[in-house]
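Peer 1: Listed below, chain by chain, are the residues.
Number of protein chains: 2
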Amino acid sequence: MDIAIMGYGVVGSGVALLLQKNYESIVARSMQSSLNLKYILDLLDFPGDPFESLIIHDFETILRDENIGIVVETMGGLNPAYDFVRRCLLAGKSVVTSNKELVATKGYDLLCVAKEHNVNFLFEASVGGGIPIIRPLTQCLAANEITEVAGILNGTTNFILTRMIENAMPFDHALRLAQNNGYAETDPTADIDGHDACRKICILAALSFGQHVYPEQVRTQGIAALTTDDVEAAGDFGYAVKLLGRAKRLPNGRISCSVAPTLVPRESMLANVRDVYNAILVRGNAIDDVIFYGRGAGKLPTASAVVADIIDCAKHTTRRRFFGWEAGGTHFVADADDDAVNMFVRAIADDTDQARQQLVGLFPTMEEKKTASGSLCFMTGVATPRLVKQALASIDGLQVTQMLRVL
Amino acid sequence: MDIAIMGYGVVGSGVALLLQKNYESIVARSMQSSLNLKYILDLLDFPGDPFESLIIHDFETILRDENIGIVVETMGGLNPAYDFVRRCLLAGKSVVTSNKELVATKGYDLLCVAKEHNVNFLFEASVGGGIPIIRPLTQCLAANEITEVAGILNGTTNFILTRMIENAMPFDHALRLAQNNGYAETDPTADIDGHDACRKICILAALSFGQHVYPEQVRTQGIAALTTDDVEAAGDFGYAVKLLGRAKRLPNGRISCSVAPTLVPRESMLANVRDVYNAILVRGNAIDDVIFYGRGAGKLPTASAVVADIIDCAKHTTRRRFFGWEAGGTHFVADADDDAVNMFVRAIADDTDQARQQLVGLFPTMEEKKTASGSLCFMTGVATPRLVKQALASIDGLQVTQMLRVL
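Quick mapping for you: the protein sequence lines, in order, are chains A and B. Here this note's numbering is used: the first residue of the first sequence is 1, the next is one more, and so on. Here this note's numbering is used: the first residue of the second sequence is 1, the next is one more, and so on.
Bear in mind the hints are in silico, worked out from the structure with no lab data behind them. From a predicted model like this one, the values you see are computed outputs, not experimental measurements. No residue lacks a Cβ here, since even glycine has one placed at the ideal position from N, Cα and C. Hints should not be assumed to be uniformly reliable.
Claimed, not checked - Listed below are the simulated EDC-like cross-link pairs for lysine to aspartate or glutamate, each with C-alpha atoms no more than 20 Å apart in a straight line:
no.	chain 1	residue 1	chain 2	residue 2
1	B	299	A	145
2	A	21	B	289
3	B	21	A	2
4	B	21	A	52
To be verified - Covered by chain A, per the in silico footprint, the following chain B stretches (three or more residues, Cβ under 8 Å):
no.	region
5	130-138
6	331-339
What the hints assert, rightly or not - Listed next, with one range per pair, are the computed distances between beta-carbon atoms:
no.	chain 1	residue 1	chain 2	residue 2	range
7	A	170	B	265	47 to 53 Å
8	A	317	B	168	55 to 61 Å
9	B	330	A	20	30 to 36 Å
10	A	20	B	227	30 to 36 Å
11	B	357	A	224	55 to 61 Å
12	A	317	B	34	27 to 33 Å
13	B	182	A	170	23 to 29 Å
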């Protein structure tokens, strides 16, 4: 079977390398006599690269070659990835992608095209890098009704938060350290503002709950507004602050889907996920909590997931892998403000004692801790963020500086 | 499709319950029009039980019923489970089991029978209870050469160790607490002595490295000889003591396979696995470290894994799931004493200063910590346990009271 790679960046070159490195066992596990990497599509030429001779610049070459059964898309972005992937599927080629933006935005459409043309569209690498999550979620936990999925889905922000927690390093300083270590891009917006995690939680939500969730339906909050005071105060209550993507079925049947800095109890395994590592928690009605942990990015770890999908495509040339989801809709996704949780609040009051008195009236189970700065810092007890915001707004002279949910 | 359960204990009754609880989604995911639980084989009658009417006592009823396509074995033990399972496979029925002793002892034979008769023999529940591990290991990580697999595979011993570490509770006291909480059996030997973990690491080793590993080939050491002093001293060096099942490919190509209390660095996620939870670490040459965490036992978690296998059997009525391993052999398994690791040693010397001087000569990179009791306590630096034992034996008047490996 012949394979083409589209996009020779970090992940694409990792796939070429891994196919070569573990070639013998990969072929044996794919039930094929051979797996031949034939083309690598890229804009550039890569002179001197070991795979230089495979580089092509014209997508049509791949499309027209009937021997190409599997196309790997590791270009990233929507254009031209979406067009290329769609046309490959229409031409009867299976596609494996690591492109979370593509799956989060166009997943339902592409799954439909793949189904109509009896080919596979697989994307294990699009969430959690090398961590096995999509098959475990759809197959191993198939006996469960999933009630919640929550994860540390972005290594860059987890590295920054780890430094803020463990070294009391301010956000800006920790971001620069991440950049110096190669963990953050020069323009770190997609990571810092939560957009990367947002795309991943969309995919996990769709797999867990059966309908497409679009990035614009997800309330997304990044970590740039967090201070070391926030992180320290959360620590005083026994929590670590982690950027969590989270999708949860509410009692009304709708799915609450969000990305936000979240307080994770220190006893939770998620609280102990440090630096650039990722972890995904799945809650099911039979299994209770399961956690999958590992490297969420990187050349070979991500390639490991891509190649697992290649093996799966090669094994299933005449049969499709059965997973996917239905079309999304506005009725499916709840407002995350309707999800009742315990909340952490920091605020400054004109008259602290008076504000405290009013707060105790509004939040009878609230728990307060003294802060060095004299600001008010407390946990509300379980309530919907909507009600908490209304209640806090009703107190004169109270300025809320931070408000975070608890896992 | 009709299903029979053999053995109506904790797991078997969980399977019946879960099939009922999530029936609709389970049937949909199995691609069948129905999944009908028809018989439950047990020695007892269970009057008043919701599934009382399905109870039968004669195995031949299941064997002769041509509509039974999937048989669930949750009896445990080798006899009569082995005979029953084998005859079901010979009769063209797929078998799903949670019986680790059966798979660790007879797995290769049963996989061969299943292959010859084109049926499935699946056993996700036999390792790590509800934690998805067998599919992730064989499918999601298929692009990797696995170099090591190590896990906290027994909840009872992990509960006891957690109490010893966190509460400085002596072993006997922690064992009684585990028994009072229903986490340990009245006869806790199989857990405490490591036999349960041994069966599980046999299965993981076979899946990871491709040949059957038999329990008698695994050096198995339990936790009964651990003292709170050991645990505390390990803590001083920055480690948590965990009972690990461990299988590792050595530079000579052979597999070292062992069960033993092991020092796990406190920064490792495995060190943070508390109480009855289990976790399995897989190391691959592309993925680096991945960890799977969750409930390693219990009625519904284990049933979750069994029912996932049932769904898989139902989806693959005409095709087999491709995984298994080759026959084992003496040449395949290494002596765990040949695996070079850092080691933790506690010892009492007739002349402490003189012994220390000799030790420094033998272990130039050794690291020592003072103990309250005045006993010698040190890390050897990386060496094979064989050499460490020889070296320690060469010191006159030195009595080794504890010797543990580091992960």
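Peer 1: For this structure, which hints from the list above don't hold up?
Peer 2: 3, 4, 6, 7, 10, 13
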